[in-house]
Each structure stands twice: as C-alpha cells, then as structure tokens.
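S.K.: Here are the chains, one letter per residue:
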Amino acid sequence: MTLNTYGGYWSPIVWVIAFVVAFLIVYILWGMGERKYKKGEQTKPFISGTEEPSKQEVHVRGGNVYWGFTEALKGYYNLMKKMHTGIINDYVLWFIGIGAILFLVIILPEVIK
Amino acid sequence: MNEWITHAPILIIAIPLFAAFLTPLVDRVSRRGRNALVFIAVILTLILTLALAKDVFDHGLRIYTLGGGSVDSTLVTLPSGYRLPVRIILEVDGMSAFMVVISVLISFVGLLYSFSHIKENGAGKYYTLFLLMLVGMLGMEVTGDLFNLFVFLEILSISSAALIAFYARGGKPVEASIKYIVISSLAALFVLFAIGLLYGEYDLLNMGAIAKKISLAGEIPFLAQIAFVLFLTSFALKAGAAPMHMWLPDAYGEAPGAISMVLVAATQASLYALLRVCFTIYGAAMDTAVIGGILIILGLISIFIGVTMALIQIDMKRLIGYAAVAEIGYILLAVGVGIFELAKGEISDYSMKALQGGIFHIFNDVMDIGLLFLVVGAVMYVTKESNLNKLGGLAHSMKYSSIFFIIGMAAVSGLPPLNGFASKILIYESVYKVSPLISIIAILASMLMLAIFVKIFHSVFMGPKLTEYERKDAPRLMLCSMAILAAIMIFFGLFPDFVVNNIVNPAVNALVKNLPYISAIGGA
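Line by line, the protein sequences are chains A and B. Numbering follows this note's numbering, with no gaps: position 67 of the first sequence is 67. Numbering follows this note's numbering, with no gaps: position 76 of the second sequence is 76.
Bound-form chain B, shown alone (with noise of 0.2 Å):
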C-alpha cells in the first residue's frame, strides 16, 4: 500500500488521463464497457485521492518528481554545480489534499449522475471530456509547477468548454461555451505572461523555489508584483469574483446538471491556484493589508450582486448561477481576512477561525450548490423546462427530488443543522472582528439566499398539480446521487469539529506555514 501512496499523486492523474483517451475506442465496441471503464477509472482514482489525502493529513507534505525516485532528485545539478528544481514536480499538502478530495468527490458524484441520463450518440466524447476534465482540476490541484498548473487550467478549460455545449438545442449553449472559452482563454493568456515575468526575474518555475527567493528577499520585485496582479485578476475571473463574474451564470446555466455541478469544482480549482499564489509563493512578502482589502471587497461585491441579480431569475439554473457567484464572495471574504494579518507572522485568533470558515465553506460550496443543480438537472429531465413561469406543482411527483431540494436550500442558505451554517457562523463571528457592517452584509445576503431559494421551492414544486407535466420522479440513480451529497452534507453539518479538526485545519495550516512546502524543494 505504501508504494501505491508513494505514486499517488501521479496516477490520480494517469488513471483518468489514460481512461479518457481509451474510452472512445471502448465507446465503440460496447457502450456497457465504456461506463464500466470510466466507472473504474473514476473509482480508482477516488480510493488512491482518499489515501493520499489520509496520508497527507496524517503525515504531512508528499511530494513526487516525475523521473526521478527521491526528494533529492527534484534537483538538476548544472556542470558549475548549481542546482536547480526543473523536473516536473507534484507537491500535495494539506490544502492541495483538501481540494483533490472535493474534485473527486464531486466528480464521482457527477458521473453517477451521468450515467443516468446522457445516453445519446456522442456520449463516448461526453466521458473522455469528463475524465479530462477531472484530469485538469486534480493536475492544477497537485502541481508544484507553474507552467504544468498553466497546462492544466487550458486541459480543464477547455474540457468544459466542449462539455457545456454538449447539448446543443437553440444554440445557447454553444453561445455559452464560446463566451467561456473567450474568458478562459483571455485568462490563461494571462496567467502565462505571468508566468514568463516570474521566470524572467528568478529562472525558475517551481513555485516553492520562487516563494522561497522572494522569501529570502523580504521584499517583491517590480516585474513579481505585475505578475501578481495579473494572477490575481486571472484567477479571480475564473473563480468568479464579481464584477468579472458574468460568464458564470452563462456558463452553469447551460450546461448538463453534472457537468454545472463539476464546474463549481472547476472553479474552486481556480480560487485553490488564487489561494497558492496569495499564501505560498507570495506570502507574507506582499502588502496584506492591501491584498486582504482587496479580496474583502470582491467578495461583499459578489456577495451582494450575487443574491440580488439571482433575485430576478426566471431560469432556474441561472439562478443558482448567480447563487454560486454570492458564494464564491463568502470564500473570498473569508480569505481576505485571513490574509490582513499574515505579514506580522503570528496570525491572529480571529484570521485563523476566517480562514477555517472559508477554506470549510469551499467544500460546502461545491456540495449545496452542486446538490442543488443536480435537482434542477433532475426537473428539467423530466419537465424539459428551465422557466420557472411554466412550473408548478411537481412536489406532488417529484417528492425525493423536493426533499433533496430542501436540504440544499436549507444549506446553501446558512440554516442549522447543516454544513452551510457552521462554514458560515465561523465566517460570520471571524469577520465581525474586522467590521460589523461586513458581517451584517454578510448575514442579511444569506437570509436574502433563502428567500430566492424559497421562490424557486415555491415556483417549481408547490402549488396544484400541473398536466402538462409527467408525474414520476428522476430516475434513481440521480437519485442516488443527490441523497450522497445529502448525507455528506448533513454529516458535515451535525460534526462540523469532526470535519474542521481533520480535514479543514490541515488545509489552512498549510497555507499559512508555508515553510514546508517551501523547504521541500531544495537548490535555486
């Protein structure tokens, strides 16, 4: 078992990469063994990310260098013997274990969800795209690279590009896909000019032996500091930071019920690279306050637009769209709290309980919205309608889906028992330190949720019943995949110090003590 741990962190990429690119060939001899082999794929690539992550909580940072066998060998030593970190290294810690975890899970969940109803031809290109899709989060995730984690942002951009115009009916969804793949492109383009400067000050692309310069340096040069704004901007498009948010809403909206609740993952692999970038290779070298500021104030921003523009939604999925927009503002508020104090070294009670909140309120994210996505998937499968002036009634047929519905509103919404709240009261208390009127913001938005959550309840399931709609249920293994999420999420709700001890606390001390997955990699 150890040695399949040692490689983990590269074969929960290889497996779905490899399973991808054989799928189609699969796909045309049976389309049985096709599911079975993205199945395995998918499941396998579960068991080892759970693993790795167990390990990594339990021991600390692991790190693999691909052809090489030891921690040594991240070094190339030069004929003058200077050395230097140029293999392709993956570095999983706490927070990059955190993040796999989510993205796994999440796509686990997804393909069960799949498997339910995407039977079309065309569905051999659905799962290649899928694998590759779970290939780009989980390579952004555990790369100590920065040019390997610019490949895999345009490997995940570009898999879910094509995936939200999987459905091409009336040609919105293409319209969505391109304006995706404009922004993520623009974006990408971005993040690699930032790139460049960073090699062109420091020579290097590993981003534990660049923090580690700028570490040593104390202070962050001119052509360092553009390229943080550039990844600051970049990255924030991506994980949808309002008011560069816009074509999030496009983007989820169209989209199958899966794939909009995998690209929530997607996009917190976005804010993961933004949190990598903030905490590891800047660190406290850079302006805190400033950049704490900052990100304080994208987050009320995407907060506030987030729950009014969702307000006025007469398509349900744009509507939870712009729901996951005020969510990625919880993140971010959280975040920039976080971050006010970590120049001074010690970090302050208040900042540390900010960043648990917002690092629990990532996973929590991707689980109520992704819940409530595959539930508006679910209606739409049966109703073939998205327009919440053409629904009615469908608590009378569809009660499984009505109860999961529920349980995500409630969620998503901040209401206790469940996981939304504890992620949310620790965020709550945390920034009230900070001001009271953001934390007032903060609690009034996610009343606000409720009430848009209750229209939609009120809109798609209340009320008599209507003919034109067939009275049954989703099918069952949508089904079960929602009641997965349901469980994750009311556990998480009822053990929240289960999950923040374990799983979360992990993920923040790496992010704040940097040190270990700077000194990791040696030479430069």
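Bound conformation, chain A alone (with noise of 0.2 Å):
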C-alpha cells in the first residue's frame, strides 16, 4: 500500500491510522465538554437584542462567496472576461493564434538553421 514518489513514498494506510487516532482524540475532548448545556435559549445568537433575521433570508448565496477575492483581482478578471467572449470567430481565432505561435517556436529555429 506504499507508493514511491520520486522524493519519498506516499502510504494511505499511515494517514488512515493517523486521521481514525487524530479523530478519536477529538471525540473524546468533545465528549469531556461542559454536559449543562441546554439547546434552545442558549444556541440562538444575541445581537444586541436585535430580533434574528430567518436563516433563509441571511444565507450566503453562490454569487457572493469569495468577493473579497475577486474585488482584489478585479483587473485580472476584467481581462479574462474579455477573453471569455463566448463568441465562435473568437475560440477560431485563439486556435488559429496558438497555432501561429507553435509554428514560430518549433519551425522557425530548423528554417533559420
């Protein structure tokens, strides 16, 4: 069950054992925690005796996940929306530049030479 890497070796079997041992020490914290604990009361959020909105409502939608990021790469993706113009002559264009470009690189030394 080992595989060797060209740096080392790689054995499931070992991150098995260690994820199952790793587990039941959580297990056993989880299971020393405070026993008074009521549901209800307890587990709903304060803020600041404002009433809580529906979860509906404040769920994160998929549009919204990782803004921070993307805002911060705003110029990057501006670009590559650009590039992504989802019209045919365009994909044509790139395949047809690409192919240029390989020519250049691979047939042009052997011509010079």
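Take the hints with a grain of salt, since some may be wrong.
Stated by the list, open to error - With a Cα cut of at most 35 Å, we get these calculated DSBU-like pairs of lysine-lysine:
1. B/Lys119 <-> A/Lys44
2. A/Lys74 <-> B/Lys384
3. B/Lys465 <-> B/Lys390
Treat the hints as calculated values from the structure; they're not laboratory data.
Now that you have both chains on their own, put them together as the hints suggest.
M.R.: Below is the structure:
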C-alpha cells in the first residue's frame, strides 16, 4: 500500500490510522465538554437585542462567496472576461493564434538553421 | 476464450457500432428491449475490454488486421516486392488498453445514469448517439492507422455534438453544440491536413511504419515538422488546453449530466492521440526540450486559467467545466516533464515519475470530474436549476448525493487519501525537480480548486431548507452510478501502488519504449 514517489513515498494506510487516532482524540475531548449546555435559548445568537432574521434570509448565496478575493483581482478578471467572449470567431482566432506561435517556436529555428 | 481475445480489438468497436444501428429499430418495437440491447452491448464491450486489457498488460502488444489472419498479413506485397502496411490495422499496447478501459468504464456508468432519467421521445436517438460516441473513443484508442484515427475522431465529434444539444432548452445547448462542432471540424480538418502531409512525405498512414521511417532517419523532414505542429495544436484544442479551452465549459455546461461525464473521457481520447503522436510517431527524433517546454507552458496556463475562471462562475456545470480545464493542465504539465528527457534515450527517474503521475491522473480526472458532473446532474434533475445563486440547503433532502459530492470534491482537489492525491503527489514531486516554482503553482492551484468546490458545496448543499425545491434525493440508478465511481476512487486512493504497478506502468512503458509498437509492423 506504499506508493514510491520521486522524493519519498506515500502510504494511505498511515494516513488513515493517523486520521482515526486524531478523530478519537477530538471525540474524547468533545465528550469531556460542558454537559449542562441546554439547547434552545443558549443556542440563539445575540445581536444586541435585535431579533434574529430567518435562516433563509441570511443564507450566503454562491455569487457572494469569495467576493473579497474576486474584488481584489478585479483587473485580472476584467481581462479574463474580455478574453472569454463566448463568440465562436474568437475561439477560432485563439486556435489559429496558438498554432501560429507554435509554428514560430518549433519550425522557425529549423528554417533559420 | 483465447479466440475471443484475438478478435477483441475489433469486437470492442463492432459490438457497440452494430448495437448503435440496431437501437432505433428496436426502439420502435419496445423501449425496454432498446434499453436491454444497449445495456448488453455495453456490458459485453466492458467484459471484452477488461479481458483485452489484462492480456495486453500481462503479455504485451496485440495486433489485429482486418482482412488478414496473422501478424504477417499486416503487409501487402506489391509485384515489385515492396511490402506495405496498407490494411486496417488495430494495435493495442499498454497505453491503448489503459485508455479503452477508461472509456468503456465511464460509458457503462454513464449508461446506468442515463437509464434513470432519459425517457423522453427521442431516447432511442440518444442511445444510438451514446453508442457511437463510445465507438469513436474506442476506435481512436486502438487504431494503428492515422486515417482511421481521423475517421473515429469525426464519429466522436458528430455524435458528441448531437448529444450536447439533446435538451434544446432555451437554445443554449444548440448554441454550445454548434460551437463544439465548428471547433471539432476545424481541428479535424487540420488533423487531416497533417495526415496528408505525412502521407505525401512517407507514402504511409500506419503510425508504426511512419515512426520507423522517422526513427531510422533520425531527423524530421520539413513537411513532417509542419504536420507535427498541426497535430499538436489540433489535439491540444480538442483536449481543452488553455487558451483554446473556451468551447469546453460551453459544451460541458449544456450537455446532459451523463454526457458531460463521457465528454471528459472523449477529451482524454484526444489527449491520447496527442501522446501517441509525440511519443510513438515522432519520439526521440523531435526536439524534446522544446516540445516538453511547450506542454509545460500549456499545462500551467490551463491550470491557472481553469481554477481562476471556475472561481467566478455561478452556473455549477460551467464551473466544473473550468475545473476540468485545470485538470487537463496537470496532465499536460506532467507529460511535458516526461517528454523533456526522451531524446537522451535513458529517461530519468523524475521524468518517469512525472509520466506515471500524468497517466494516473488521466484516469483520476475522468472519474473525479465525472462524479461531480453526475452529482450536479442529479441536483439539476431534482431542482431543474443550475444557478448557484438560487440553490441551497439540498443536503437536507439529497443526503447521498451530498456525500458523493464531498468524495468528488476531495478527490479532484487532491486531498488524501483519495485517488487525486496519489497522482498529484507524483506530479508535484517530479515537477519540483524541473522548477520548484511550477510545483508551487500546481499546489496552490489545487488549494484554490478545493476553495472552488467548497463554494459549490456551500451554495448547493449547505444552509437552511429552501421551500421551492422538492424534498427527495436522486433516483436509485443515479445514486448507483455515483457509488460505482466513488468506490473506484476510494480503492485507487487506498491502493495507489497496485494501480500504478498494474495499470499505469504498462501504459507509461508503452509510451516511453515505443520499439515494440513500431517493430510490430514490418515492411515499408
């Protein structure tokens, strides 16, 4: 069950054993927690006395996840969106362009030689 | 059984081809009969493929000549005494066997998945095209002839394009299909042009025979060099390498769930053709440092553009499509490192490990991305929605689907102990030898990949129950298809040494040591 890699090896069984041991330790620690904790009033968030909005209202939708990351990379993403036009002519143009570059890189040195 | 194995290379093409043409006829009589026919055809193909692959892995190359009975019959002797390999010759080596196993396995899983929900009028056509897709992939992977490669590439492209447009909702799938067929036709045209150039140069179409000519000459003539660039560009486009990847999220995003998964295997068939051209036909005669460098650059661009573009998608199938581009990047990166030292004759340890990682990753990519496509297909089947901004809370009702998504997400992001980690660690460590920076980029991209799939998981499965969606999980057959893939992924993750030693290494050896493939065809 050991895979030899270039720099060492990878043994999934060691990882699984380590995972099980870590899980048991966490489970034991969790089991040692406060037993008097009551569900209900104590589980509700306290927002300075303001009533908690419904869960459906505050669920973060997919489009908002990683907003900060994409906002910080706005310049890059604007460029990428311009590149991905969705127009077939542009797709063909990229293909021809890459083909031309590969011609220059592979064939030209042979021609010059 | 030995007789079956002898004819297996042609039978794995002939059975689904025959069934494909029979399907519309049976469909007119009975839908159950149609399903039974397609299922039997695919299961027979699967059994034959597995037997053929085992035989090739154990005993080496297997050749089948149409119209001939023995290996010698690959040649036709002219009155002048000149002998030419002009028949239709199928050559199955370790790499071909590796690829056909992937294609048939994925098609089998895709078929089970399709049975659960493809019941509309036109299902007969769906299954006909599905089988033709399988024929196209298998033909590309076992043929020893360049013109046949082109023919099967066309069969694959046309059937795939029709299936992408299967659901004509809002016109978007039709648009994606038209884009796919335009791009595929263009690539096929360039491939045909390249084949014509090689035929003009060598009077040959057989890959082994052309490779022998190039290998004996030790250099590549100008026309053959032009042909190489055309092959490289066309197959890289068909494999979805950035920046020629734009068609891929369109096609994957609009196709039915099972077809998106089989399309991943179809793009790998084009990648196989690229590997066959690089390693077998041109081999050590090409400037391996330059070609290796080009593949590494294409790989890095694919990884970077794939993950960063996936991050901003709000359509979950397009998002996975971009992730698939990044996964292709990992394979190209590893293959590029593997090609680097091919010209030296004795390939170094790190190049071999990189190739092992790259070839192993082909299998992993198809299964990981495939599983994710099946899960989001199930989500779309239940909710009729693919917009991440509108979905949420589905883990309450789609418990099994969400578990399968977690497995797929962890595997594609390279989390241990799943299969994606095993192939990626081989790639990271060997690529580090070429440049630590490349390795760091690859690792960071994997982390970003995890972040992307956490986004889908959060958006689709987490959060409160939303009242607008039905409270049920996917049909059993859908879940069963996902379970098959998940089980293979876990097995590959827990026993990577078994997979590498028994399945991956024969494929890598077939690529690196191309002499048996070349010398199997005499004459010319």
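S.K.: All hints are to be evaluated individually against the structure, with a verdict given for each.
M.R.: Consistency of the hints with the structure:
1. Using a Cα cut-off of 35 Å, the hinted pair B/Lys119 and A/Lys44 is violated, with the two alpha carbons roughly 47 Å apart.
2. Only pairs whose Cα atoms come within 35 Å are accepted, and A/Lys74 paired with B/Lys384 is accepted, the gap being roughly 32 Å.
3. Distance hint between B/Lys465 and B/Lys390 is fulfilled; the C-alpha atoms sit about 12 Å from each other, no more than 35 Å.
Checked against the numbered hints given earlier, the structure breaks only hint 1 and satisfies all the rest.
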